[in-house]
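Fit chains B, C and D to the given chain A structure using the hints.
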Amino acid sequence: MTTQVATEEKNYLQEGHTLASWLLTKDHKRIAVLYLISVSFFFLVGSIAAMMVRLELTSPRGVLMSNETYNKAFTAHGAVMIFFFLLVAIPAVFGNFLIPIMIGARDLAFPRLNLLSWYFYMAGGTMFLIAMMSGGVDAGWTFYTPLSSIYSNGQITLALVAAFVSGFSSIFTGVNFIATIHKMRAPGMTWWRLPLYVWSHYAASLIIILGTPVVAITLLLVVFERVAKIGIFSPELGGDPVLFQHMFWFYSHPAVYIMVLPGMAVISEVMACFSRNKVFGYKFVALSSLGIAALGFIVWGHHMFVSSQSMYQGIVFSFTSFLVAVPSAIKVFNWSLTMYKGSVWLASPMIYALGFIGLFTVGGLTGLYLASTGTDVHVTATYFVVAHFHYVMVGGTLLAFLAALHFWWPKMFGVLYPEAIAKWNALLVFIGFNLTFLPQFVVGYLGMPRRYHYYYFAPEFQVYHVMSTLGASALAISLITPAFYLTYSLFKGPKAPPNPWAAKGLEWEACASPPIKHNFHGVPVVVGDVYDYDAEAEERALRGLPPKETH
Amino acid sequence: MNFPFAPEQASNFAVEYDTLFYIITAFTVLTTLFVFLLCLGLIIKYKRGSGKPEDRSNPMHHNTIIELSSSGGFLVIGLGIFFWGAKMYLEMRQPPENAMEINVIGKRWMWHAQHDNGVRENNELHVPVGTPVKLTMISQDVIHSFYIPQFRVQYMVVPGRYTQMWFTPTKPGKYNLFCAMHCGTQHSEMGGYVYALEPSEFAKWKESGGDRFRPKPEMPAAAGKQLYEDFMCGSCHTEQDNKRAPSLYGLFGRQRQFTDGSSMVADRDYIRQSLLAPEGKITKGYESMMQPYSFTEEQILELIEYIKTLGTPAAPAAPVTAAQNAGEQR
Amino acid sequence: MSEHASHAHDHSHHITPFFTLVKTLMLLAVLMVVTIAWAQIAPEALKGVPPAMASLINNLIAMGIAFVKAVAVIMIFMGVKYQSHVVKTYAALGFVWFLMMFIMFADYGTRHWESVRGWTPETKQMALPRADEPFEPGMPPRKDIHIPDQHH
Amino acid sequence: MAISLNKMNQPQDVVYEQFEDLAQQQETYVIGMWAFLVTEVMFFGVMFMSYVVYRWKYQPYFYALHQELDWRIGGINTFILLLSSFSVALAVHFHQKKKKMQTLACLGFTNLCALAFLVIKMLFEYIPKWNHGHYPGPGFTWDNPNIPGNIAQLWYSLYFGTTGLHGLHVLIGIILFSVLMFMIAVDHPAITDYLPTEMLGLYWHFVDIVWIFLYPLYYLMPK
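Residue numbers (my numbering), protein chains in the order written: chain A, 76 to 626; chain B, 2 to 331; chain C, -12 to 139; chain D, 56 to 278.
Mixed in with the good hints, there may be bad ones.
Restricting the straight-line Cα-Cα distance to at most 27 Å, the calculated cross-link-like pairs of lysine-lysine (DSS-like) are [stated by the list, open to error]: (1) K358(A) <-> K75(C); (2) K207(B) <-> K226(B); (3) K34(C) <-> K244(B); (4) K153(D) <-> K68(C); (5) K152(D) <-> K75(C); (6) K498(A) <-> K48(B); (7) K592(A) <-> K101(A); (8) K112(D) <-> K285(B); (9) K46(B) <-> K498(A).
Every beta carbon over 12 Å from chain A, so not counted as near; a handful from chain C, in silico [to be verified]: (10) F6; (11) L8; (12) V9; (13) K10; (14) P30; (15) K34; (16) V36; (17) P37; (18) A39; (19) L43.
Read the hints as simulated data drawn from the structure, not as lab findings. We put the CB at the ideal spot given by N, CA and C, even for glycine.
The following block holds chain A by itself, in its conformation from the complex (with noise of 0.2 Å):
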C-alpha cells in the first residue's frame, strides 16, 4: 500500500471552530463525530432507563415506582436502546468515519444526504425524549397491535413517528454506504482486497434498505390506525393482529443483523490487527455476511411460535432459523483461529474483542434453545430471551463498539488514552456483564415472564434478580469510566502517531491521525493484499533477531 503522508497539514477537526462549521459540516468524519456525541447521549438515556427497571427488580414488590412508570421506564429502555443506540451506533459513527477511507475516497457518495440522516436521527430521537418526557410510552419496544394501536394510553402517536422518522435516518445510510461501496472504491481496491469491515457493513446496508421501509410503514399504520381509527390490525374490524408482528418481525429479526453485522465489522479488522495474522478464512467471513444477511430475512417467525400462527409455519421457520447458525458458526472459530500463528497482543481493544466472541458465543448458543421449536414454548416471553438478545445485543453490538471506539480513537482524534485502565476496565465488563446476565437464564428458565414489575407470586425469583442487579451496577460502572478516560485523552492525552497500532490498512497507513479533510493526498492506489501482516517477522524483530531470509 501507499506510504506515508506529511502531518503538519490541516486536519478534519482544525478546519472549522463554530458550531455552524459542525452543524453544517458535509465530512463524513465530522458527521461522525455527531453521531459519536448524540449516540451516546442517547445510549445514557438508555442506560438510567435500565438501572431504573434493575433496582425495581429487586424486590418481588416493587418499591420505587408504579405498575404504569416501570412500563414506560422498561419501554424507554428498549425503544431507545435499539432504535437511538444500536441500529445507529457502529453503522453511523464508525462506518461513516471509516469506510470512505478504509475503500480511499475523499468522502461518501453523497455527503448532503449524509448530513441530513444525522438531522433525522435528531428529529427523531427529540420527537421520542419528548413523548417520553410528556407521558410516556408504555406498550414496550415491539409494540404490538391491538395493544398500541387501540388500548394503550401515552404518547404511542409520538413515539412510532420518532421509529418512523429514525427509519428514514437508517435508510439514507444504507443507501450512501452502498453507493459509496459499489462505485468509490479506489483503483485496485477489489472486492477481494476490500476489509471485512467493508464487507459486514455493505451487509448490513442491504439489510437497512430491504427491511426498514416495511417496519416504518407498518408502525405508520398504527399511528394512522390510533389516530384516524383505519384498521389494518384492529380485530373490530376482521382485522388479524398477529399480521402486525409478521411485518414487524419481517424487519426486526433481520435488524438484529443491521445491529451485530457491523459489530462483527469491527471485531475482523480487531482480531487481524493485534493477532498480526490475515483474518482465518477471510473469504468465507466475507461471503458469511452476505449470508446472514439474506438468510436473515427469511427466519422472522421464530419470534412467534407461540403467537397463533400455524405450526406448521412455526417449523419452517424453526428449520431456517437453524440455517443462520452455519455462517455465524464459521464468524466465530474464523476469529478464534486467527490467532493461530499469529503474534497477539492483548491491548484493551483486543480485549473487548476477545470478549465479544466469548459473549456472542454464549448468545449464539442459547439461541438454540428459542429457534427449536419445542423449547421455545417455555422460555420464549421469558428473562431466558432476555438474557439471550442481550448477550447478542450488548455483549456483541456494544462490546464492539466499545472495542471499535479504543482502536480507532487516536485514529479519530488524534490522541492517545491511558492503556493500562482501559485494559482493566474492559475487564470489568466482561465481568459485570456476565454477573448481569447469566442469572437472568436461570430466572427465565425458572419461567419469570420478561416486562413483570412483581413477582411476589414466585418469590424465589429474587435471589436472581438482586445478583443481576449487582451485575449491572458493575457493568454500569465500567460503562462510565471510558467516558471519564477518553475525554480526559481529548484535552491531556499524548499525541498519536499515524497508526499506533502498526496497522495495516488505508485508514492507518496512507492517512495521518487524525484524518484531513479529504483524507489522502492524491487517489491511494492499493497493490497489496488485505491484512498483509506478517507475524514472523514482527516477532523477529522484537526480539532482536536478523529478519527471515527470503528465498
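Using the frame of chain A, we list chains B, C and D on its own:
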C-alpha cells in the same frame, strides 16, 4: 435463601422438555468451553514476544476442511435439535381426542375459565391430574399469553380468533399462571394459580360448583339454546336442510363444502366467523342470506356449546339449485 | 475511480431513441386496454369454470399483464436495459424481496389445518350452573361503526 | 437573471469533490437512486401484502366491495400516469440532447398529468366517498346489509391507505418537478447535467409502476 435451578416437572411435557433442554445446555456449555479454551490456548501460545519463540512460519490463512467441518458439524447437531424440538412442538399443538375441554377468556387484566358443566373461575384454573386438558382460548381486548411454567406450556390468546393448547397434569399441586405477553398497566398482576387436583377431588370440586362462587342455574349450552331461540335462528336453520339454510344438526366437526370450491371442518372458528361475518363461507348449494350478528365472545362460546349438543345429523336434503348458484359470487 | 466505473463508461451516456419510447408507450396502452377488456368479458368467458378457479385465472391474467407492463417501464423508460449489472441487480432486488414476504402464507395458508383435531361430537352433559362472579363478557361493540338492522 | 429557453446553459462536466470523474458520479447517482427505489418497493410492499392477506381471508366480501370503485375513472388515471411516465422519459431524452425548450415542455406536461391524476382522484373518488361516509374512522357509515360494516371499513382502510400513500408520492412528485422546472428554466448552477431529471424520472416511473399493480388489484380483478 434457596437457589432453585429448574421449575417443577408437573405435566406430561415436562420430562421430555427438560431432557432436550439439558442436552442443549450440555452442548452450549461444551461449545463455549471449547471456544474459550481454544482462544486461551492460542493466546498463551502465540502471545507477543513472550516465552520461547514459537514456529510462525508458513502461516495458515484458510482451511476449507476446517470451515466446512465446523459449520457442517454445527448444522448436523442443530438439525438434530430441530427435529426433536419440532416433534415436541407438534405434540404440544395437537390435543388428543379424549381431552377435557375448558374455555378460557383473557381480558385486561384477568383470566376467566369456563368448565364444561358451567363452573367458572377467575384467575384460577382447576385441572385433574392424569387427564389431558384442552384449553380453547380467546381474548377480549389485547393479545395475552397463557403460561404455566411448571407445565412447560405457553400459548398466546388473541382477540378475534380461538387458539388452543393442551397438557396433562402429572403431579398434584399449586402452580403459577402467568400472562406472558405485555398487555398494559397491570400486566404483571394478570395471573394466578393453577391447581392440579387428584381426579376424585377434582370431580368433587367441579360437582360442588367450584369452591369460590355461588352456583346459578344456567349452563353454557342452555344459555346458548336461549340465545338460539331469542334470535330465532331456528326460523331458518331447522332440523333438516331446507331452501333457506343448511341444518345445524350434527354440524360441529363435519367437513363443509363452500360455494367458492373450498372446504373446511366446521370448528369453533368457523362458527364464530359465520356468526360475525357469514358471507365469507357459504355452504355449497346455498345463497348468501344471513346477516352478520354481533355477539359477545361469551355468547358465541355458549352458542357453540349449544350447537355441539344438537344431536346426530338429520338426513341432509338434496342441495337446492346448486348449478344455479355455482358461478355467481355476488 | 473504480474498475467498475471505467467498464460501464460507454453505457452511461446512452440516449434512448425517441421511437423506442413511443413504441413502449403504445405497448403499455395496448396492455392496459387488454387488461380492462378481459376484466369486462371475464364473467362471461369463465361462466362454466368453478369460482375458485375463475378467480385464480383472473388473478394470473391481471397480475401477468401488470408484470409485463412494469418490466417494460423498468427496462425502457427507466433505462435499466442500458445500465450495468449492478443496477440491474438492484432493480430486481426490491421486487424479489417483496416476494419474500409471501412466506407469511405458510401461516395464513395453513392456519386452519390444525383447527379441530380432538373434538368428538358426543353430547356433553352439562350439569352444573354458572357462577355469578361479575365479568363483563364480550368485546364492547365499537360505537363508531354503524351497522343498521343487526337484529331481527 | 436572464432566462433563455433555447439552449441549456450548462457548465460542462461538473464533478463533485468526492468523485473522480463524471462517469463515476453518474453511475453512483443511478445506483444510489435504485437503492432508494428498493426501499420504496418495500414501502408499498407492506400495503400490497396487507391487501393480499385480507383478500385471502375475506375474498367474497372483497369481490363485492370492489364494486364500490369505478374502473373507468381508474382507467383514465392509469392512462394519464402512463402518458406522464412517457413524457418524463422523453424529458430525459431531450435533456441528454440539451434541448431546453423540449425538456421543459415534457416536464410541464408530466406535471399537468400528475395534477390531473390527483384532481380526478379527488373529485370522482375521494370526495364522493367522503360524502357517503365511506372512509375509515369514527364517521364510517355503511348500509349494505350483505357486507358487515367492519369488513367494509377494513377494506376502505386498505384502499385509502394504499392509494393515499401513492397519492402522497404523486404530490411529492409534483413539488419536485416544479422545483426542477424552475431550476432548469433559470439555468440554476446546481443543474449541471441531465442527472437530476433522470433521478426524478426514475422516481416518477416507480410511482407509475405502483399504480400499474394497484389498478388491476383494486379496480379490475374481481369483475
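Status of the hints after comparison with the structure:
{"no.": "1", "hint": "K358(A) <-> K75(C)", "verdict": "25 Å, holds"}
{"no.": "2", "hint": "K207(B) <-> K226(B)", "verdict": "23 Å, holds"}
{"no.": "3", "hint": "K34(C) <-> K244(B)", "verdict": "24 Å, holds"}
{"no.": "4", "hint": "K153(D) <-> K68(C)", "verdict": "22 Å, holds"}
{"no.": "5", "hint": "K152(D) <-> K75(C)", "verdict": "24 Å, holds"}
{"no.": "6", "hint": "K498(A) <-> K48(B)", "verdict": "16 Å, holds"}
{"no.": "7", "hint": "K592(A) <-> K101(A)", "verdict": "10 Å, holds"}
{"no.": "8", "hint": "K112(D) <-> K285(B)", "verdict": "18 Å, holds"}
{"no.": "9", "hint": "K46(B) <-> K498(A)", "verdict": "20 Å, holds"}
{"no.": "10", "hint": "F6", "verdict": "32 Å, holds"}
{"no.": "11", "hint": "L8", "verdict": "27 Å, holds"}
{"no.": "12", "hint": "V9", "verdict": "32 Å, holds"}
{"no.": "13", "hint": "K10", "verdict": "32 Å, holds"}
{"no.": "14", "hint": "P30", "verdict": "27 Å, holds"}
{"no.": "15", "hint": "K34", "verdict": "31 Å, holds"}
{"no.": "16", "hint": "V36", "verdict": "28 Å, holds"}
{"no.": "17", "hint": "P37", "verdict": "26 Å, holds"}
{"no.": "18", "hint": "A39", "verdict": "21 Å, holds"}
{"no.": "19", "hint": "L43", "verdict": "22 Å, holds"}
Hint check: no violations occur; every hint is consistent with the structure.
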